[in-house]
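Sequences listed follow chains A and B, in order. Using the numbering used here, you'd call the opening residue of the first sequence number 1 and step up by one each time. Using the numbering used here, you'd call the opening residue of the second sequence number 1 and step up by one each time.
Just so you know, not all the hints are guaranteed correct.
[Unchecked claim] Subject to a maximum C-alpha distance of 25 Å in a straight line, what follows is the list of computed BS3-like cross-link-like pairs (lysine-lysine): (1) A:Lys106 / B:Lys141; (2) B:Lys141 / A:Lys169; (3) A:Lys261 / B:Lys261; (4) A:Lys106 / A:Lys261; (5) A:Lys261 / B:Lys141; (6) A:Lys141 / B:Lys261; (7) A:Lys106 / B:Lys261.
Hint data in this document are derived by calculation from the structure and do not stem from the laboratory.
Number of protein chains: 2
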Amino acid sequence: MVPSKPALISLDSHAGKNLPLYEQVVLAVRGLIDNGSLRPNDKAPSIRSLHKQLGVSMATIVQAYSILEAQGVIESRPRSGFYICNQPDFQLREPEKTTPAQISRKVSTHEIVLSMAEIGHTPDIINLGTATLDAELFPIKALRRIMGSVVRHSDALGFYYDMVPGDYKLLKQLAQRSLRWHCRMKADDFVITNGAMESMHLALLAVAKPGDTIAMESPTFYPLLQTIHRLGMYAMEIPTDPRTGMDLDALQTAIKNSQHKHPIKALFTVPNFNNPLGFVMSDDNKQHLVDLATAHDIAIIEDDIYGDLHFDAIRPAPLKAFDKEGVVLHCSSLSKSLCSGLRVGWIAPGRWVEDIKRYKYLMNVSTPTISQLTLAECLRSGLYDRHLAQLRPTLRQTMGQFFEVIAKTFPKGTTVTQPRGGFLLWVVLPENVNVTQLYQETLVHNVSIAPGPIFSAGQEYNNCLRLCCGLPWHDEIEWALSLVGKTATKLAG
Amino acid sequence: MVPSKPALISLDSHAGKNLPLYEQVVLAVRGLIDNGSLRPNDKAPSIRSLHKQLGVSMATIVQAYSILEAQGVIESRPRSGFYICNQPDFQLREPEKTTPAQISRKVSTHEIVLSMAEIGHTPDIINLGTATLDAELFPIKALRRIMGSVVRHSDALGFYYDMVPGDYKLLKQLAQRSLRWHCRMKADDFVITNGAMESMHLALLAVAKPGDTIAMESPTFYPLLQTIHRLGMYAMEIPTDPRTGMDLDALQTAIKNSQHKHPIKALFTVPNFNNPLGFVMSDDNKQHLVDLATAHDIAIIEDDIYGDLHFDAIRPAPLKAFDKEGVVLHCSSLSKSLCSGLRVGWIAPGRWVEDIKRYKYLMNVSTPTISQLTLAECLRSGLYDRHLAQLRPTLRQTMGQFFEVIAKTFPKGTTVTQPRGGFLLWVVLPENVNVTQLYQETLVHNVSIAPGPIFSAGQEYNNCLRLCCGLPWHDEIEWALSLVGKTATKLAG
């Protein structure tokens with residue numbers, strides 16, 4: 001392997017001027033890869049040469065390289081230095097903006113949704129579809145130790161009803177943590193729930209009535225569609241770009257044209273590492289969206305459950321960080337980033353906090369104290385942060401493996417999203433592939449995917465699917481993903 | 001104390017012929033008390049004399065007397081034999097049947113409801129109002145041991161989403177236990193929830209739409225009223241007798257007159273140790289009610305949460321035991337009889353089981369596995385039964401203390417229910433007492449009661465209150481209850 005010519009690098013040419021120096025270095029190296037100056041298996045510039053070229057300290061370069069390594073962008077080879085890894089985007093293109101019909105409509109229930117929930121737990125099925133972090137990626141020993149200690153030290157009140165809004169120890173941890181989300185929340189801004197799905201359910205109950213319309217990205221988080229249907233509400237899908245998020249002009253038009261009979265009362269969005277599209281909205285768009293909602297008196301129900309799973313150094317801000325008037329109902333949990341079985345989440349419901357407290361009490365009185373204290377201790381002790389530091393590069397790496405297999409086995413013309421965090425991919429197959437048929441054919445071989453139509457009130461996206469990279473990568477997964485690709489290729493003809 | 005003349009006793013004269021012999025003896029002794037042959041502080045017939053008189057074995061008499069003792073009917077005095085205790089009904093009469101206006105109506109939200117939920121946890125307040133078992137009555141050490149062991153032995157899946165309908169170990173325990181409820185249910189008849197309130201919430205979602213009417217006893221379990229309101233449904237209160245339950249003729253008339261616009265789609269009832277009235281419906285009435293609902297295609301949402309807290313030997317059957325066509329949605333948990341903080345309950349939803357599974361998944365995915373396994377082990381190990389054997393006589397005794405204080409301190413003309421299980425009392429004060437004022441006046445002294453109007457969609461019962469005997473009896477409770485009585489007496493003028 002002949003080392004490439006030294007690549008020209010500078011810190012002036014990119015958009016990250018306000019970032020810390022090491023982040024600017026990360027972006028500069030990425031820029032060289034993006035513009036083709038550095039290709040897979042090229043030797044990366046040495047730390048010493050970058051130190052000289054850029055005029056920043058060796059320590060800063062070392063920090064940047066350790067981030068790039070964690071991100072799977074470069075790898076260190078013994079006694080030889082750093083090399084550029086195979087990049088996910090070396091072949092695959094990203095999908096185009098979606099164009100759903102923009103009408104308020106009833107959601108049709110989809111049988112596949114419930115069967116997917118069941119499939120998620122059938123031991124023999126390799127599930128590439130549901131948006132869950134595999135239990136093998138949980139820090140089980142530490143969780144067991146922490147929860148055991150909480151149980152051992154619990155007094156009688158640990159086995160008594162907790163009080164809405166939740167245990168103060170957890171509320172306080174969340175308030176402290178909100179600083180890292182670029183928010184500045186207080187303990188009493190939060191209400192504890194049994195997971196983020198309950199948070200969103202409560203949010204819908206608080207901000208809309210039967211007959212009201214909820215606007216949302218298209219495609220969207222499908223269980224929410226089903227909940228909207230169940231609560232007698234209507235859904236309106238807004239065109240969405242897999243790189244930048246919801247089309248805010250289209251949203252504004254939809255709000256202007258909102259029917260008197262089914263008015264748009266709320267907007268649902270996953271602004272960070274979107275489910276299923278993977279994008280992060282820019283800060284400008286986030287601010288614009290919050291301003292738009294504030295001006296039109298529309299509530300924003302935000303699902304920020306993937307926000308901590310950023311591959312880059314900085315945690316993207318939730319919409320809540322841009323919310324001055326309390327129009328954002330911020331919903332989240334650690335079910336996608338620590339473990340899913342505690343069933344503890346939260347909502348920071350802005351101006352609806354009193355309503356949400358009342359509905360939470362009516363729904364199931366309270367969330368178990370022992371689970372709340374366990375989560376509080378995971379945050380306080382630093383376990384969660386240590387776990388994240390391991391989890392992020394693992395997910396990044398698995399996603400890279402997914403890209404390789406997709407590039408090799410999926411039909412020509414396939415496009416796929418390229419998220420910078422989370423663990424979900426949205427795959428757009430050639431138009432003639434019927435993904436419901438693909439779903440059924442792979443299920444015969446005990447491999448499950450999430451077919452596109454369930455992500456849409458109007459059952460669009462019949463040539464699309466969602467894949468989950470929240471798995472420990474091994475031969476069986478590779479086999480299963482290849483099977484999906486080969487079956488799709490066969491169906492593409 | 002002069003022993004009373006030997007009382008005439010026989011096993012022929014009562015309605016319990018199909019009961020076990022020891023139960024017949026219990027009823028026979030109770031009959032002597034009820035007809036005045038035996039009065040408080042009288043010596044009870046000796047075991048030997050009853051053995052001779054009734055011609056049943058000594059062992060049977062001993063068993064009957066130990067039940068009567070547990071029930072607080074007789075007490076053993078050292079070296080002297082058994083004596084009749086002060087009976088709860090020695091002074092107080094039971095309230096009359098209620099007569100609510102029978103119309104489909106929207107529930108008005110009541111601020112006191114949420115404030116009561118908050119008061120329930122304020123350490124300085126003595127809460128005589130909420131229907132909760134005090135944490136001091138939980139078997140904390142055993143709960144801690146069992147839950148600790150579940151956590152210690154849990155694998156990764158213990159921290160993963162559980163699958164609806166719930167963990168099989170718990171489902172199997174419930175199926176086995178249903179035999180004692182005179183039901184014969186299978187594991188897959190149940191769906192596990194985060195407590196009985198969630199079960200009822202899911203049941204409402206499954207059987208009714210916004211605009212539909214839910215019929216119910218009057219007074220009724222007030223959080224359900226608030227949920228009905230939140231879901232856009234209407235409430236219809238049916239006249240109810242504190243001794244026998246809902247007036248089924250009135251119900252039948254209400255169904256016949258049911259408005260096309262707000263049809264009665266479901267009936268909500270607490271058939272065993274009713275909240276708040278304390279009655280147990282007779283088996284005949286239970287059968288009649290289920291037949292009526294079946295004939296008119298109306299769902300029955302049954303809350304059986306107090307059923308295990310029977311003071312007499314036999315556990316009353318839930319409506320589910322009379323349900324052949326699957327019209328009963330049986331909801332319950334052990335939150336009122338073991339501990340409230342696990343937040344695990346269940347629903348056996350009959351013909352709606354598939355809907356309920358779907359809505360449970362949409363509401364909060366699943367109930368924590370570790371909590372479910374803890375409850376399963378409490379049942380399997382016999383802890384729950386051992387705990388019940390202690391709890392029932394404790395509650396019975398506390399209720400007796402309540403009666404004594406009520407008889408001493410409440411205004412003349414007060415009537416109070418006399419339940420044979422559970423831990424709730426419904427008190428009817430003289431008509432001129434404004435219970436909202438009573439609520440506010442006692443709250444100034446940090447004593448809380450549950451005022452009557454919150455138990456009614458039409459805010460009736462403004463001279464009534466509910467009291468909770470699920471407390472360890474001590475001087476402070478006696479002081480608080482006396483305060484309520486004296487304040488009521490003052491308000492009665």
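Against the structure, the hints come out as follows:
1. Distance hint between Lys106 of chain A and Lys141 of chain B is unfulfilled; the C-alpha atoms sit about 51 Å from each other, more than 25 Å.
2. As the CA atoms of Lys141 of chain B and Lys169 of chain A are separated by approximately 23 Å, the hinted pair is consistent with the 25 Å bound.
3. Proximity of Lys261 of chain A to Lys261 of chain B is assessed by CA-CA distance (about 20 Å); at most 25 Å being required, the pair is judged to hold.
4. Straight-line distance between C-alpha atoms of Lys106 of chain A and Lys261 of chain A comes to about 13 Å, which keeps the hinted pair within the 25 Å bound.
5. Proximity of Lys261 of chain A to Lys141 of chain B is assessed by CA-CA distance (about 57 Å); at most 25 Å being required, the pair is judged violated.
6. A threshold of 25 Å between alpha carbons decides the hint, and for Lys141 of chain A with Lys261 of chain B the separation of about 57 Å lies outside it, so the pair is violated.
7. The straight-line distance between the Cα atoms of Lys106 of chain A and Lys261 of chain B is roughly 22 Å, inside the 25 Å bound, and the hint therefore holds.
The structure shown violates the earlier hints numbered 1, 5 and 6.
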